[in-house]
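S.K.: Protein chains in written order, with the working numbering: chain V, 9 to 204; chain D, 14 to 284.
Since the hints were made in silico from the structure, they are not lab data.
No experiment lies behind these values; they were computed from the predicted model shown.
Fair warning: there could be bad hints in the mix.
If you want the footprint, here are the derived chain V segments under chain D, 3+ residues with CB under 8 Å [stated by the list, open to error]:
1) 59–66
2) 97–107
Derived, one-sided and incomplete: chain V residues facing chain D with beta-carbon distance under 8 Å [claimed, not checked]:
3) Asp73
4) Ala92
5) Leu113
6) Gly115
7) Leu116
8) Ser122
9) Phe126
10) Phe164
11) Ser166
12) Met170
Built from N, CA and C at the ideal position, the CB exists for glycine as well.
So you can see what is in the structure, the chains are spelled out below.
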Amino acid sequence: MTCWLLVARGYMFILWHDTSIKQPATSNERQATSNQNMRFVKYLLMFGFLLLLQTTLIPLLSIKDVYPDLLLIGVIITGIRHGATPAILAGCLAGFVQDAAVTQLYGLSALAKSAAGFVAGYFSREKVKYNFQVTVGVLAATALANSVIYQSIYYFDSGAGMGWVILRYVLPHCLYTVAAGTIVHAAWPGGLWGKS
Amino acid sequence: MKESLLERPNLFIVSKREYFTLIAAVVVSLYCLFNNDKPQIDAVRAFFLERYATLQAKFSWARKLVALQEENVALRRRATHMMLENSQLREALLENHRLRQMLNYRERTPWHFRAGRVITKERDETPVSVTIDIGEADGLRPNMPVVTPEGLAGKIYKVFPHTSIVQLLLDRNFNASARVQRSRILGIVSWNEGFGLRLTAVPQNSDVGEGDVVVTSDSSALFPPGLRIGLVKHTLEDKRSLFKTIDLEPAVDFSRLEEVFVITSPEKRPQ
Chain V
9 MTCWLLVARG YMFILWHDTS IKQPATSNER QATSNQNMRF VKYLLMFGFL
59 LLLQTTLIPL LSIKDVYPDL LLIGVIITGI RHGATPAILA GCLAGFVQDA
109 AVTQLYGLSA LAKSAAGFVA GYFSREKVKY NFQVTVGVLA ATALANSVIY
159 QSIYYFDSGA GMGWVILRYV LPHCLYTVAA GTIVHAAWPG GLWGKS
Chain D
14 MKESLLERPN LFIVSKREYF TLIAAVVVSL YCLFNNDKPQ IDAVRAFFLE
64 RYATLQAKFS WARKLVALQE ENVALRRRAT HMMLENSQLR EALLENHRLR
114 QMLNYRERTP WHFRAGRVIT KERDETPVSV TIDIGEADGL RPNMPVVTPE
164 GLAGKIYKVF PHTSIVQLLL DRNFNASARV QRSRILGIVS WNEGFGLRLT
214 AVPQNSDVGE GDVVVTSDSS ALFPPGLRIG LVKHTLEDKR SLFKTIDLEP
264 AVDFSRLEEV FVITSPEKRP Q
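Chain D extracted, bound-state conformation (with noise of 0.2 Å):
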């Protein structure tokens, strides 16, 4: 039979398809890399998103299931430990506010939380990103600090109308201004090779030495100070160097991490 014009390209297309496809997928997909912060490639990641969620909630009991038991125990004794530090934090505050007001310093002022449930994990023990189920519509906007009750968990990268994705301290783009909270040296956290965190930019002649405490400084633009981010798990002398290589042990355990708060805005409590 003869063909006709119109059907040879299509001829063509067909015998090649593979190599078609290969290509167009290839295309798509390497235009939404390099496009990760368009407003399209936003609405075709929510809409993903918003379905990937609500699957994700649905099941999300049998996990827990079988981390219940373990979860139980561990919760025991962290509750048992918090309860002794409770009452001597109860007592510091009180010695504080008294300070306070012999000094007549102002009250700090308050933050606003949204509480949030991780429905999705990037990774299950060292989670570089988590999925939460709040989003736009409850306040939300990109950079805002994430904390639990143990300290700072990471920022919004990314919010959709009712979800967002949180960007943790342990994905290897996040960097926060730090403060080691006894000598008050400051430092740039950032990812770690291998499991963990590390503290950067820190002269060799700094007082920083073995479960130092490193909080957020108060020259981060995104981070409220004060925030506790890990300690200091050993630190390593390069002569060659003019920086230590300090190595932090997260103070939040991230492959517990089951809910989250986000710090909305630091507005005054009303009076």
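Isolated chain V (complex conformation) (with noise of 0.2 Å):
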């Protein structure tokens, strides 16, 4: 376990440095680092108030067991506005808390939502225009890879037949969570990529 936490701290280590393994000297870049523990806090904060909606509200709007995925959404708004490495992050350890609480394959909504995280951040780091039209595609493509790795999985082996596991989880899924991240997208000022 201490093996796998040193490996890591050193990956996160890389990863946030970049190539400087110095100490940040400049008052700029110690005023960098503030602004980017404070972001890291803000993302903290609104993944658990997701999670608290997801976990609250959420089940009283399910449809036959169909319910948005708002920790999904929390997903790609990171992914939009900070590219694909905090998106995976964010989604691998959102699916981690989400997982705790299921019966069996623990960390399968890690995967799928590390996963959706990287298709969400991949648009970013093509330097995709984002309108609506693109926010929504953006929605589309996450919640689908989402769904069909969350779902192939869990159903794999059950005797179900893929096509029943598509059009009675998949698609139904993913189409109330493309229906309210759009809702989001249109009510929040700035809407999901954060610019006025």
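Reassemble the complex: the two chains are provided individually, in unrelated frames, and hints are given to aid placement.
M.R.: Encoded structure:
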């Protein structure tokens, strides 16, 4: 366990410090580090709030066990604004928290949301110019990636046909999440990409 | 500026960091997926679950508030129904007691229960698992039967210090040996592709009809016999198959599951 934590810490160190391994010296660098920490706390609070909504209010909106995935919308926001790396990490962590309370396959949500984070951030890397249609497209692609991975592994070897799984779970989950994401995008000033 | 050898691998990792992060996340997730039963994975799970459960428990009033009125009406109806049923059962119990004494039957070993409150649900309408607020500290162990007043709800899947995960009957990996109460036909209760449950391994010529009660059988290693599982909804006879397809309506209303009882041990009552 300690070994894994050390490896993870080393990897995070390389990611966050780019090529310079020296400590920040100037006041500008210190300011930048402080802003990064603030952003981290902001996102941690956002995911906490989304988890709270997901567990308390979202079940009331479920239609035949299909409900929107707010944590996935959080991963998409992270991907659009900051790129794939933070989105993958956020997705992986959010997935591990979600997986904690289910019977089996610990790590399945983490796997699906990591891939979803990569999809959401990929468009940001390609310097896509965001407008309403593109944002809905990113939402749909990310939700579909998450849903396909999660549901197909969950129902693998269950005897249920793939067509049934797609029609009963994959598409409805995907559509509901896209609808919820679009509402958030339209209602939130600046939309999902956070620019007015 | 000339780069040192030490910095080159870092540069490579940073330029391709999306791919490296994705690979790392996939590897960690797959490691967890394939090592679900390892104590290290359980420790990580317990860490997240305890916090998740605390959060859920603090804000569960929000959900309850909305469902309260609907639940109130349903409970009143159920209370009336149960009152009538109770009086009939009381009569039957007295009669049973007299008959047992006459036949010199040994009293059935009583069960010990632990009551638990549901704090999280995976899915709301047809939940496949729930988290309850009692755990190892309360004497719970994996595979202990979980019941409600309506019948069998599931079994304990994982235990943590103060919480446990219950695998419900609707989970696709759940199987239980069962018996049709009227005709004593044996079968296996398992997940149904749509909603509800299915009784499998019942031969075509068996006497099973709509409305028959299905209970746990005495050949089950996990569950005490006689716990109600559900009612036969409809039977399908496929001439090409050796077995009947029997759909069941679960006895427990899983969408309203809020309190459950865990059968901790069939110890004897103190004399």
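S.K.: Against each hint, give a clear statement of whether it holds in the structure.
M.R.: These are the hints, each one checked on the structure:
1. Judged by the Cβ-Cβ criterion of 8 Å, the region 59–66 of chain V is covered by chain D as claimed, because 5 of its residues qualify and three suffice.
2. With a cut-off of 8 Å between beta carbons, the region 97–107 of chain V has 7 residues touching chain D; three or more are needed, and the interface restraint holds.
3. Hint on Asp73 of chain V holds. Least Cβ distance to chain D is approximately 5 Å, under the 8 Å limit.
4. At a threshold of 8 Å, the smallest CB-CB gap from Ala92 of chain V to chain D is about 4 Å, leaving the interface hint in force.
5. The restraint placing Leu113 of chain V at the interface with chain D holds, with a minimum CB-CB distance near 6 Å, inside the 8 Å limit.
6. Restraint check, Gly115 of chain V versus chain D: the minimum CB separation of about 3 Å is within 8 Å; hint holds.
7. The closest approach between the C-beta of Leu116 of chain V and any C-beta of chain D is roughly 6 Å, which is under the 8 Å cut-off, so the hint is satisfied.
8. With a least beta-carbon distance of about 4 Å to chain D, the hint placing Ser122 of chain V at the interface is held under the 8 Å criterion.
9. Residue-level restraint check for Phe126 of chain V holds (minimum Cβ-Cβ distance to chain D is 5 Å; threshold 8 Å).
10. The beta carbon of Phe164 of chain V is not positioned within 8 Å of any beta carbon in chain D (closest approach about 10 Å), and the interface hint is therefore violated.
11. Interface restraint check for Ser166 of chain V: the shortest CB-CB distance to chain D comes to about 5 Å, inside 8 Å, so the restraint holds.
12. Restraint check, Met170 of chain V versus chain D: the minimum CB separation of about 12 Å is more than 8 Å; hint violated.
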